[in-house]
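Student: Below are the chains, spelled out letter by letter.
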Amino acid sequence: MSHVDRQHLVPANLRLSLLTILLIAVGRQPMTSVWGENWPEWRGPQRNAVSSETNLPVRWSADEGLLWKAILPGSGISSPVIWGDQIFLTAAEGANQHELYVVCLESSNGRERWRLRLWGTSPTLHHPTKSDMATPTPITDGHYVYVLFGTGDVFCVDAEGGLVWQRSLASEYGPFENRFGHTSSPAIQGDLLYLQCDHYGDSYVLAIDRQTGENRWKVDRPGVWHSWSSPQFVADDRGHRELVLCAAGRIDALEPLTGKPLWRVGGLQRECIPTPVVGNGMLFAVSGPKGAAMAIRPGGRGDVSETHVLWRSLRGSPYVPSPVLLGDEYYLVDDQGIVTCLDAHSGKLIWQNRLRGVFTASPIAGDGKVYFTSDDGETIVVKGGEKTYVEMARNALGEPVYASGAISQGRLFYRTPRALVCLGGVR
Amino acid sequence: MVNLTEKRTCGDGLLKFTRVFCRLLLGLYFPYVSAADQTIDEAIRVIEQVGPGATGSESARRACDQLAHAEAQTLPRLLIALDTPNIVAANWFRIAFDQIADRELAKPNPQLPQAELEQYLRDSTRHGRARRLTLTLLQRVDPTLRNRLLPDWLDDPEFRRDAVNYVLSQGDREKEERRTDPARRHYENGFRHARESDQVLQAVDRLKSVGQDMDAVAHMGFVNRWWLVGPFPAPETTGFHAKFPPEKSVDLAAEYDAGDRSKLRWKLHQSTNALGEVNLIQAIGPASEAVGYAFAEIDSAHEQSVQLRCSADDNISVWLNERQVLAREQWLNGTRLDRFVTPVTLQQGLNRILVKICQGPPHTNPEAPNSWKFQLRFCDETGGAAPFRNGLPLAKTE
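Protein chains in written order, with numbering that gives the first Met the number 0: chain A, 0 to 426; chain B, 0 to 397.
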């Protein structure tokens with residue numbers, strides 16, 4: 000039996016609707032209208048880095064528009080996830096980063112509500128600044144938070160900071176072997192939690208029962224060694240959801256409930272970091288540097304490299320930052336700061352522009368704006384949907400930023416090496 | 000004569016009263032303690048049952064909640080439970096430990112079982128993470144404790160790194176005061192006990208700054224003198240499974256067909272890398288889709304069980320005295336110190352080591368380096384060099 004309530008395991012959209020009806024019925028405001036749209040996982044509400052909120056900030060600085068700044072324990076490159084008045088974060092510290100933290104802050108003021116201290120099984124090497132043991136972003140449904148660390152450990156924690164279950168994947172299946180740290184963030188569909196565990200050792204993908212922490216299925220991925228991408232879901236034209244995994248040289252789609260292979264596409268670079276995005280009935284996958292960006296029609300079977308790839312573009316593919324699809328425009332920023340805007344339907348170049356700086360964080364978008372944040376903490380706000388590059392503002396935070404930002408409650412949230420900042424800015 | 004009987008009779012009355020009173024008290028107390036003890040023991044047993052696949056999580060959560068409500072005097076018992084390789088169980092115990100400790104320290108006059116905690120902390124046979132947790136707690140009460148203990152922990156399995164850092168920083172202070180001899184002694188002490196490569200190299204640098212040269216390669220047990228041959232052509236990633244003549248027998252005088260009408264010959268090479276890395280591109284030339292071999296002889300004064308630690312870019316296979324002891328087919332790995340560790344036995348006298356290093360296809364990004372190199376060492380479990388001598392003559396360096 001269950002230590003995670005079944006009612007929390009219905010699909011997020013349905014759950015939100017039921018919750019809304021329920022709360023209105025008892026005369027209370029639904030959480031989403033009080034607190035704005037949640038940002039519950041890596042790349043936001045639809046896992047596409049786009050918020051549906053409006054009136055988002057345009058200008059800020061270290062002195063202006065900063066609503067609060069919360070000092071965090073340890074370090075971490077994971078993004079904050081936000082549900083109502085709660086922000087969940089992960090961090091790691093110690094000589095080899097085996098000391099792990101799950102932290103909950105209040106979104107209105109940054110005050111720490113609780114922190115859970117845990118040990119990680121098997122820390123790995125990592126990048127000196129762009130990754131560490133707390134790089135995968137947590138995922139939450141507001142009641143439970145699921146966190147994966149680069150040490151090969153996955154935890155389910157309730158919203159009050161109580162540990163519900165934990166798995167030491169490193170003990171069960173061998174340590175993650177990774178010289179840049181594990182970065183893939185978990186994904187949720189229905190009552191399953193998906194973990195893409197690609198590393199230099201024996202790679203695999205897991206579907207875990209969110210309620211009990213037990214495996215529903217595990218698929219080994221022999222020969223997949225160079226992937227730091229996160230799983231994504233795409234629906235085919237009949238509405239059937241597919242689990243998509245981007246990795247070294249290839250994209251695999253699996254049947255989410257069973258792990259059975261559906262289709263594959265070749266042509267990615269031999270190291271794959273960005274997470275694909277979905278929209279307009281297509282999957283947009285990319286890996287760099289100098290690799291191809293591809294739009295793929297889901298729903299195929301077997302090798303569909305020749306049949307389902309709608310277009311390929313060699314313009315501006317990033318090595319680290321994931322792309323953004325905002326409406327009909329597909330935005331890429333490569334690590335050297337070249338922004339490329341492609342027509343999502345044809346792959347044709349709309350515009351390209353060089354920003355200053357080096358880019359690790361993935362861009363986020365909303366309210367017709369795309370936010371590109373460089374390693375030195377400068378965010379360039381670009382107007383979306385334009386035929387040319389239109390820069391709305393350049394905002395310096397005055398601190399490095401490697402983690403991708405989050406949007407909720409009309410505010411932007413950015414993680415610096417030691418803190419989380421909440422920006423109200425100027426609209 | 001003193002009437003002891005009377006006295007005894009009088010004293011007995013008091014004694015009897017005291018005994019009865021105490022029994023009444025203890026009668027009330029011991030059943031309570033016993034029940035509490037049983038509850039704690041049972042909760043600990045429940046948590047010890049958690050295993051792979053999150054089994055036992057629900058029971059463990061309830062047990063953890065019970066433990067978390069215990070008094071601070073329970074902390075030593077929790078620490079004994081924390082002395083486990085089962086990290087899932089350890090995390091449940093830790094949650095309870097942290098909650099008890101946080102609650103106690105929030106009191107105006109916290110009562111920690113300090114002596115027992117400190118005894119546990121000093122016991123190097125206990126699990127390192129549990130000892131470190133104990134130190135973190137005791138530091139909150141006595142911030143000077145760590146620095147008082149570190150000088151005794153230079154060989155400690157958990158705190159060696161902290162202790163080495165401490166003595167190196169002591170050396171730095173002496174050096175700042177221009178006291179070179181005491182600084183050198185601290186640096187030597189740090190070097191002698193350092194096991195991790197970054198600390199070893201730090202100590203070497205610091206000793207050099209006070210006029211003393213030390214050899215990190217010997218300190219860590221790297222083999223850095225090799226006969227090398229290659230590249231043997233191996234298209235794509237076929238090299239790992241392809242067998243070239245050196246795998247059948249090592250003949251240092253032999254010539255091999257290079258596949259392009261040229262001949263491959265063994266070449267003696269000594270690495271000058273601070274950590275014994277052998278760069279095959281520099282030593283025998285650039286290659287892709289190829290295989291290289293390295294051969295060495297080392298002399299062991301006696302038979303000894305040691306660890307063989309190695310890594311390579313792209314992948315590595317190792318034979319010790321003609322027996323394969325390691326083979327991992329992974330491409331694009333990068334050389335990472337001690338990536339592969341396997342126990343081996345060095346026989347008394349000469350030991351023959353053959354290493355196969357594959358080189359895969361070049362990176363599609365022309366800017367990406369296409370390195371081809373390896374590292375190999377013999378050491379004890381702490382990473383300190385195993386005693387051996389290089390059996391090969393000195394070669395010209397890279």
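One should not assume that every hint holds.
Straight-line C-alpha distance at most 25 Å; calculated SDA-like pairs for lysine to any residue [unchecked claim]:
1) B/K106 - A/K368
2) A/K289 - B/P361
3) A/K289 - B/A286
4) A/K289 - B/G333
5) A/K259 - B/G52
6) A/K217 - B/E57
7) A/K129 - B/D197
8) A/K217 - B/Q329
9) A/K289 - B/S287
10) A/K129 - B/G52
11) A/K289 - B/P368
12) B/K106 - A/E159
13) B/K106 - A/K289
14) A/K368 - A/E305
15) B/K106 - A/E111
16) A/K386 - A/G397
17) A/K217 - B/S196
18) A/K368 - A/E390
19) B/K106 - A/W113
20) A/K129 - A/P72
21) A/K129 - B/S196
22) A/K129 - B/D337
23) A/K259 - A/K368
24) A/K129 - B/G333
25) B/K262 - B/D298
26) A/K217 - B/G52
27) A/K259 - A/K289
Just so you know, these hints were derived from the structure itself, not from any lab. It should be emphasised that the depicted structure is a prediction, and the values quoted were computed from it without experimental measurement.
Student: Could you work out which earlier hints the structure fails to respect and list their numbers in ascending sequence?
Tutor: The structure breaks hints 1, 10, 13, 14, 16, 17, 23, 25 and 27; every other hint is satisfied.
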